[in-house]
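Novice: Sequence order for the protein chains is A, B, C and D. Residue 202 in our numbering sits at position 202 of the first sequence, and the numbers go up by one each step. The number in our numbering is simply the position in the second sequence, starting from 1, with 404 added. The number in our numbering is simply the position in the third sequence, starting from 1, with 786 added. The number in our numbering is simply the position in the fourth sequence, starting from 1, with 892 added.
Calculated directly from the structure, the hints in this document are not laboratory data. Here a beta-carbon is modelled for each residue, glycine too, at the ideal position from N, C-alpha and C. What you were told as hints is all true, and nothing was included just to trick you.
Capping the alpha-carbon separation at 35 angstroms, the derived lysine-lysine pairs in DSBU-like fashion look like this:
#: 1; chain 1: B; residue 1: K488; chain 2: D; residue 2: K911
#: 2; chain 1: B; residue 1: K488; chain 2: B; residue 2: K700
#: 3; chain 1: A; residue 1: K61; chain 2: C; residue 2: K811
Facing chain C, a subset of chain B residues (Cβ under 8 angstroms, in silico):
#: 4; residue: E632
#: 5; residue: R633
#: 6; residue: K714
#: 7; residue: R716
Negatives, chain B to chain D, calculated, CB over 10 angstroms:
#: 8; residue: L463
#: 9; residue: E499
#: 10; residue: G566
#: 11; residue: S636
#: 12; residue: P663
#: 13; residue: G740
#: 14; residue: C770
#: 15; residue: D777
#: 16; residue: N779
#: 17; residue: S782
#: 18; residue: R785
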Amino acid sequence: MKVDVAIIGAGPAGLTAAVEIARNGLSAAVIDEYYRPGGRLLGQYYEDPYAPADQRTWDGKKEADQLEEKARSLGVHIFMNVTVWAVSGKWRVDMAGGDLPAITSNVLLLATGSVEKALPVPGWTLPGVISVGAAQTFTNLHHVAVGKKVMMAGIDPLSLSVMIELKNAGVHVAGMALPPMSSVTGKNKTPLQTVERLQDVAGLAPNLLVRKLGKFALKRFPKLTASGLRFNLLKVNNVPIHLRKAIVKIEGEKNVEAVTLQSVSVDGKPAGKTESVEVDTVCLSNGLYPLIDLAQTAGCRLVDMPELGGTVPLHGPDMTTKVSGLFVAGNITGIEGAKVAMAQGRLAAASILQSLGKQAAITVDEAMTEVTNAREKAPLRFLPDIEEGRIKMNKIWEAESAHG
Amino acid sequence: MSYKVVVAGGGLIGASTAYYLTKSGAEVTLIESKDIASGTSGACDRAIMLQSKKPGPTLDLAIESIALYKELEAELETELEYRKSGGMIIIETPEEMAAMEHMVERQQKAGIDVKLITGKEAQERQPGLSKDLIGSTWWEEDAEVNPLKVSFAMANAAKSRGAKIKLGTPVKRLLTENNRVIGVETPTEKIYADAVVVAMGVWTPKLFEPFGVDVPIIPRQGHILVSERMPSFLHTGILSAAYIANKLKRNHQSEDPDPFGVGLAIGQTHSGSLLIGGSRQFTGYNTETNPEVIRKIGEAAVRAFPLLAKARIIRAFTGLRPYTPDGMPILGPVEGMDGVYIAAGHEGDGVALAPISGKIMAHMVCGENSGMDINTFSLSRF
Amino acid sequence: MSNTLRLNSSSNKLETIEFYFNDKKLNGYKGEPIAASLLANGIKTIRTCEITGENRGIFCGIGHCYECRAEVDGIPNVRTCLTPARQGAKVFSQASGIKGDMEDES
Amino acid sequence: MDDMIICRCEGVYLSDILKAIEEGASSVPGIKKRVRAGMGYCQGRVCQPVIRDMLESKTGGEKMPPQQRAQTPVRPVLLDDMIRR
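Please put together the full structure from these sequences, using the hints given.
Specialist: Structural data, given as structure tokens:
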């Protein structure tokens with residue numbers, strides 16, 4: 001099969017780009033390993049009080065279904081349960097698991113999203129220990145409880161919102177604790193740093209936290225920091241948030257049976273006693289990082305950029321790369337929410353259309369403004385310094401462009 | 405005062421040279437731009453297949469080397485996964501049969517007891533082989549070893565015998581004084597030595613370029629596919645006749661009908677993964693894997709072992725084999741430059757020849773008699 | 787359906803299928819990944835680690851970690867978090883083994 | 893902290909990795925070649941960021957320690973699928 005644009009990743013960025021490309025008269029194929037389109041949209045379900053009245057409930061699955069329907073009605077080829085194992089030439093996309101061995105295209109758009117960062121702790125290979133993303137997917141998409149009694153480790157915007165989702169779905173969450181404080185694997189996870197980060201996030205985009213953590217959070221967090229975290233325990237939706245206890249061990253023979261929590265000082269040193277809490281499930285949260293493998297094999301230079309969540313392909317503010325015919329969009333460019341990814345998908349489509357000399361319904365500049373707007377209105381911010389990261393990337397991009 | 409030697413290059417050959425130098429009592433500094441086995445030695449297979457090797461100096465070296473391998477696990481007190489596995493060269497076409505008959509006849513004359521066996525005998529010896537094979541060779545003396553383990557064990561043994569190992573330290577240039585090499589320069593320091601051994605594989609020529617010395621080593625890229633872990637089923641090392649044909653091609657300047665030089669070389673690691681090679685291609689210093697080459701190697705593997713169609717390839721890599729025009733390594737001093745030695749250019753024989761190469765270099769540098777005629781391997785032959 | 791960990795009834799309109807896990811007959815919803823059906827049946831251990839021998843189950847849930855592998859309809863090491871079961875599918879914790887096959891061939 | 897698995901695919905423990913760093917490994921591939929971390933099915937997708945953090949905190953350089961280069965095939969693929977034309 002030959003298409004104008006091959007898109008890898010059927011998440012918010014990839015699907016939105018496909019719709020935009022097909023709507024402007026070019027052919028597109030979207031390929032994804034998952035069994036249904038939507039990517040991280042599929043697990044999302046939350047309320048956003050700052051959104052327009054008719055958009056306050058964000059039902060990611062519904063959004064995904066609508067995008068899929070739109071794409072299909074525009075003739076976009078969607079390949080699900082298909083793994084891309086190679087991209088080469090300009091372009092051949094080698095696929096496994098489906099009927100076709102490969103497709104070729106003039107343009108390649110990588111919207112491969114992100115992977116969860118592991119949070120190793122003794123016992124974390126036991127069945128019953130899952131990532132926070134898995135918890136979200138099983139709860140909101142599959143409607144299967146991840147366990148009967150759940151402890152969450154890692155206190156951050158994503159784990160907090162998933163905790164609420166678990167509660168809303170009727171799952172018993174026994175509590176949330178800090179991740180382990182090991183010197184080799186537990187960087188920047190002390191109680192103080194955790195609270196500071198939450199405060200950053202709350203200050204920048206308070207919507208979710210105001211609602212979810214209650215007014216308590218915004219008002220008290222600064223004081224908590226100032227007073228050296230004398231308040232060790234918050235309760236959100238009746239779930240204890242242990243700001244001064246870190247998970248140090250997951251126990252069990254064949255499955256998770258309990259977790260060991262260790263009291264820690266504000267700077268993360270063990271202080272005081274340990275306790276064992278019986279649970280059958282542990283949810284680990286440590287953030288996301290961009291999945292860049294295909295970009296690297298396609299010849300794209302990579303840049304380490306912690307502000308964007310890890311290593312990202314060098315790209316311009318319009319989603320182009322230095323490799324001709326290669327574009328990127330979504331979390332592969334830095335960790336942000338679904339609405340930003342969708343705006344980036346539309347922007348990538350506009351840039352692709354422009355590169356192919358096609359008139360687009362939206363100009364590249366307009367699409368860039370939409371990305372900025374989506375970022376400003378994001379209900380949930382994963383990385384505190386995302387804007388700084390974007391600026392840094394643009395500077396590197398400009399410097400590289402100046403050199404030709 | 406003991407003899408000071410710098411070894412440049414931390415691959416199999418450099419690590420082995422450093423190890424044997426410490427055994428000879430030299431004061432050794434091993435300098436490596438990245439890490440032990442980070443280049444060719446970390447991107448090769450485990451075969452020590454000698455049955456097809458043309459009788460002559462390289463084969464003689466290899467046989468000496470195998471004798472060293474047999475003692476090395478005990479000597480280094482490390483598991484190297486050395487095993488006398490025997491080896492087969494599988495034959496798919498009548499043309500290949502003719503070539504292999506010729507090869508076997510030649511080897512037998514030289515006293516190497518390689519046999520031709522039928523396709524059915526090959527299947528009995530190695531279950532899973534395709535029924536379509538028309539025959540195979542078999543030699544029980546072929547062996548295998550884990551080149552990563554050998555590299556690290558040699559480097560560690562050298563270190564525990566007092567060698568200094570500087571990783572992440574590129575050798576920028578050779579320091580000379582009146583046509584004599586007196587040491588090397590790194591980004592941070594000058595290291596003076598009585599002798600320098602350059603064991604930088606495909607990167608060796610670059611160090612000699614400034615002196616107008618042409619070292620005819622050319623990188624020849626080889627792909628290797630790695631399968632998921634499987635139960636141990638491969639009892640022996642296996643090459644295809646096509647692999648041998650491609651290996652023997654000395655055509656780095658001519659057009660080739662099979663530009664990828666694909667032939668099968670398959671072995672199983674202790675972990676259970678299959679290492680499936682290979683290709684031979686002149687692509688400069690490029691080490692990217694190519695999906696088309698990967699596919700062709702996959703085809704060769706499934707042709708030989710139809711049931712591998714159900715196995716997964718979990719990764720692939722390429723290594724840059726240090727090719728020389730006559731297929732023999734360069735071991736020895738450099739004419740017109742005192743104090744410097746080359747130990748490089750082993751192409752696919754580095755694994756087999758690592759111990760003996762290191763030992764020879766140590767003897768040479770320390771002025772000991774290795775009892776071998778090694779002039780054959782000197783740079784001046786080109 | 788006898789599944790104990792199903793969260794709500796909204797999925798009841800979905801079609802039910804039967805499949806086998808290590809020869810045990812189980813129910814699942816048509817179109818959902820095998821890992822979800824297994825978890826709904828209270829099954830957390832999908833395989834044992836070939837190196838450590840320890841139990842392993844769902845970890846990332848979206849195909850990155852390869853922990854939820856199982857043999858599905860004769861293909862070993864399929865990611866169950868991505869793969870819906872067919873009616874009557876046969877899922878096994880461990881591959882029945884390429885070794886056995888190889889020996890049958892000889 | 894108790895020892896624990898870091899590379900889930902290959903069963904590589906924290907202590908193995910610390911030993912490899914001790915021995916001179918300063919990059920993700922250096923760890924991988926010494927103790928097999930990142931050699932399994934997920935190709936380091938789970939453990940690589942952890943190992944990189946460990947290397948950074950142990951070696952403390954200005955630059956992030958090198959990670960492994962992604963190579964084709966980027967995912968495990970059945971030979972049957974790979975050789976289809």
